[in-house]
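With chain A's structure known, arrange chain B with the ligand on it following the hints.
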Amino acid sequence: MSEQTPVSPPEGERTDTEEQTAETTDLPGDGTTTKDTVSTGAESVVAALEQAGAETLFGVQGGAIMPVYDALYDSEELTHVTMAHEQGASHAADAYGIVSGKPGVCLATSGPGATNLVTGLADASMDSDPVIALTGQVPTNFVGNDAFQETDTVGVTQPVTKHSYFAADADTVGTEVGEAFALADEGRQGPTLVDLPKDVTQGETDAFPGEPETPDTYNPPTEADAEAVDAAAGALADAERPVILAGGGVIKADASDELRQFATDYEIPVVTTMPGIGSFPEDHELSLEWAGMHGTGYANMAITNTDCMLAVGTRFDDRLTGGVETFAPDADIVHVDIDPAEISKNVEADYPLIGDAKQVLRQLDDAMPVAYEATDSSPEAYVEWREQCQTWKDEYAMTYDTPDDEPLKPQYVVERFSELAEDDAIVTTGVGQHQMWASQFWTFTEPRTWVSSHGLGTMGYGVPSAIGAKIAAPDQEVVCFDGDGSFLMTVQELSVAVREDLDITYVVLNNEAVGMVRQWQDGFYEGRRMASEYPWIPQFDMLAEAFGARGFRLEDPEEVDEVIEKARNYDGPAVIDAIIDPAENVYPMVPSGGDNGLFALNGDQLGDL
Amino acid sequence: MTQGMDGPHPEERMRPTGRRNSQGIRIDPEAEATHQPRKAVLSTLVNHEPGVLAEVSGLFSRRQFNIESLTVGATDDPEVARMTIVIEEPEPGIDQAKKQLEKLVPVISVEELEPEAVQRELILVKVDGENPDDVNAVADMYDGNVVDASPETITIEITGSHQKIEAAVEAFDQFDVQEVVRTGAAAVERGADVLEDTRRKAETISEAGETPQTATDD
Ligand SMILES: Cc1ncc(C[n+]2csc(CCOP(=O)(O)OP(=O)(O)O)c2C)c(N)n1
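Top to bottom, those sequences are chains A and B.
5 is the number of the first residue of the first sequence in this note's numbering; add one for each residue after it.
1361 is the number of the first residue of the second sequence in this note's numbering; add one for each residue after it.
Excised from the complex, chain A in its bound form (with noise of 0.2 Å):
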């Protein structure tokens, strides 16, 4: 172990090696530092990020931190972004994750910096988004003395990450940094975090990372098993009414034009669950979007109905299940998961096949028979099967009642800017009823361009997650749907969004409530609305300018080409406040549970069930 620097008291009372750090440290780009030697641990993390091909970085400033952010100074290679709460980090750093592919990076400071970021890995775990967390920690021999802003944040992140680490030592930081690097991408992608003790990031040492490499016990397999996807093909071939269900890890494993084409070949309907929008096109004659407790009618019913469901990097969520007792009892499920313990989890699996999406697709599609389309002899029962998945998207069409006069329908905004914006536009959302909508009416066409908080459910996602997805996709057009609610609890980071000029979207579905808990209070709690009525909402528009974006305010339905054309010329951050009917609610929807196939379509069917 190298020797090192005295290690300084927490923060409060400032101690002269900081005064110094502050006082001598150069500017950036001066030629301070080369970028094949560190002389301190901070140093060496910092080339294990750049090492790893990291680019912006979202965080926070503070004591424990700084060595590290010292050293960010002089790098050329990396872009900080300061966000206003660490939340807002964690979360920009997943939607950076989802939309780019390679781990997104956060920043926080030790004790509440660090619990801060905690919401956002245990979204990003949920969703299985790429994302490394750097904490600071104070120094090695104050750990777990509960020292100034001290929090085991180990021992908070361990259940919400792939794996936390606690860098004990300056000549290993570096090596770690990059592990966890490697980590968070390989395999079933997910979050890590390295706890950094402040003597260990001021610690000397000359030690240079090498290149990110996932740790020895980490093996994640690649292909399915030969004869396993023999099986699992003869089961699809004699299949009368084979459904595809692709799930998220379709589009983490870069497999959307493997599934496409492998759909399109056997002409297989196509189901995806929520995370998995976008991993086929909405608007493919084969697509009938996704299912699951809002998902659209057409899905769950071939989802309940089919003989055969080809499942595909998806975890068998609740949401998308109802009561597993009624989830598609009659098929042979064949499921493909790089993760061996989501094999028959929560629905057996009666063909397994493990390994990356993306592989196993191709081995499918080599162990398929002649595809039918190519000699013209589909089997009769396959292509009624066909016609009947036809016949359900046009009895639950997608509607909603649309008076032409106020108030406006949250539905007819959302499909208005769907039919607006650019085609790769990316739509990200907070949480509730808005979220629901934006899923249902935009119709997506590309991978990574839904980004959204599903397993976790995390209200406030919004914000931050649009600064992420604009920064990893700069010339990509950005939206976010959120709700009154979602916006409150992060609104905070619109100011980051102007201080670094994005050009982003916000659309606030202001129904002044939680709506999507007074839905359910009206459906199953006999219309006690407690606590989900927020008669005292700001006003968005106005909020928006007192931070220095645009805002608009929408309530006349005539109206809404014109403020979204607006907004959307608007060059930098704009709000659109857009006051809907406050009665509007989500449907189809099956209750909590419930039996896919028994999806209500309004309220009285709901009462009904």
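No wet-lab data here; the hints were simulated from the structure.
Here the structure is a predicted model, which means the values were calculated and not measured.
For glycine and all other residues, C-beta sits at the position ideal for the given N, C-alpha and C.
Errors might be hidden in some of the hints.
[Stated by the list, open to error] Estimated spans, in silico, between C-beta atoms of each pair:
(1) B:ILE1385 with A:THR403: 33 to 39 Å
(2) A:ALA235 with B:ILE1385: 14 to 20 Å
(3) A:GLN265 with B:ILE1387: 33 to 39 Å
(4) B:THR1435 with A:ASP269: 33 to 39 Å
(5) B:GLU1409 with A:ASP261: 55 to 61 Å
(6) B:PRO1450 with A:ALA235: 21 to 27 Å
(7) B:GLU1409 with A:GLN265: 42 to 48 Å
(8) A:ASP269 with B:ARG1423: 35 to 41 Å
(9) B:SER1382 with A:ALA401: 30 to 36 Å
[As the list claims (entries may be wrong)] In silico BS3-like pairs for lysine-lysine, Cα to Cα no more than 30 Å straight-line:
(10) B:LYS1399 with B:LYS1458
(11) A:LYS106 with B:LYS1463
(12) B:LYS1524 with B:LYS1399
(13) B:LYS1524 with B:LYS1463
(14) A:LYS106 with B:LYS1459
(15) B:LYS1399 with B:LYS1459
[To be verified] Sample of chain A residues at the chain B side, in silico, Cβ under 7 Å:
(16) ASP173
(17) VAL328
(18) ASP334
Only chain B with the ligand this time, still in chain A's reference frame:
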């Protein structure tokens, strides 16, 4: 509340005929079988590093696996520790426990041991010291050793299989038991089978050889 969409009422829809049980397993209505819990001994090699026990035990509590015992100790390799975890779960739960364990970064390998694997538990029993001869006699029956004696109390050490330990505890009941301390099981596969260290695959495979018959004492 009529707001919403039009379309056939739930009762008029096409319905599947099958069903699954609560474990997501498709059931044949005639033989509606569910998995009964059984005991499983999981043996695990882990990196010998701080925090690994918390990570493993946290996994078990978070996923609500029913733990009977968990023991940890060093191995001949200073970098590796071995955990023996006894759980009682239905089959899918046991499978999940194994797979979830395998996913943890510090975990090197996981295996479920055969039911006939050698399993040993250690107990220390502290009983009233009034009748030392009787206590000694019972201790002898279970191959126990007296490890501490005072005019008031006697402490006996016994090692053995789960059943033997259970029986011994019951037998000591007559002496006014004051304390029982149990370690939980340590277990190892019989014969030449060894728990594979996946980091060292290449080295170990060639040495395995054939499985000889082994003598047993239980
Ligand atoms: C952080 C957090 N707290 C509470 C909830 C519970 N919750 C789920 S949806 C919802 C309502 C969301 O309201 P809003 O953002 O206004 O959206 P709306 O449903 O009105 O569109 C609430 C409170 C949550 N998902 N996340």
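Checked hints:
1. B:ILE1385 with A:THR403: 33 to 39 Å: Hint holds: Cβ distance 38 Å, inside 33 to 39 Å.
2. A:ALA235 with B:ILE1385: 14 to 20 Å: At roughly 19 Å between Cβ atoms, B:ILE1385 and A:ALA235 fall inside 14 to 20 Å, so the hint holds.
3. A:GLN265 with B:ILE1387: 33 to 39 Å: Holds: the Cβ-Cβ distance is about 35 Å, inside 33 to 39 Å.
4. B:THR1435 with A:ASP269: 33 to 39 Å: 52 Å, violated
5. B:GLU1409 with A:ASP261: 55 to 61 Å: 41 Å, violated
6. B:PRO1450 with A:ALA235: 21 to 27 Å: Check passed, 26 Å falls within 21 to 27 Å.
7. B:GLU1409 with A:GLN265: 42 to 48 Å: 45 Å, holds
8. A:ASP269 with B:ARG1423: 35 to 41 Å: Since the Cβ atoms of A:ASP269 and B:ARG1423 sit about 39 Å apart, the hinted range of 35 to 41 Å holds.
9. B:SER1382 with A:ALA401: 30 to 36 Å: 34 Å, holds
10. B:LYS1399 with B:LYS1458: 13 Å, holds
11. A:LYS106 with B:LYS1463: 21 Å, holds
12. B:LYS1524 with B:LYS1399: 17 Å, holds
13. B:LYS1524 with B:LYS1463: 35 Å, violated
14. A:LYS106 with B:LYS1459: 26 Å, holds
15. B:LYS1399 with B:LYS1459: Distance ~17 Å between B:LYS1399 and B:LYS1459 Cα, so the pair holds.
16. ASP173: 13 Å, violated
17. VAL328: Nearest chain B Cβ about 4 Å off; hint holds.
18. ASP334: Hint on A:ASP334: holds, closest Cβ of chain B at ~4 Å, below 7 Å.
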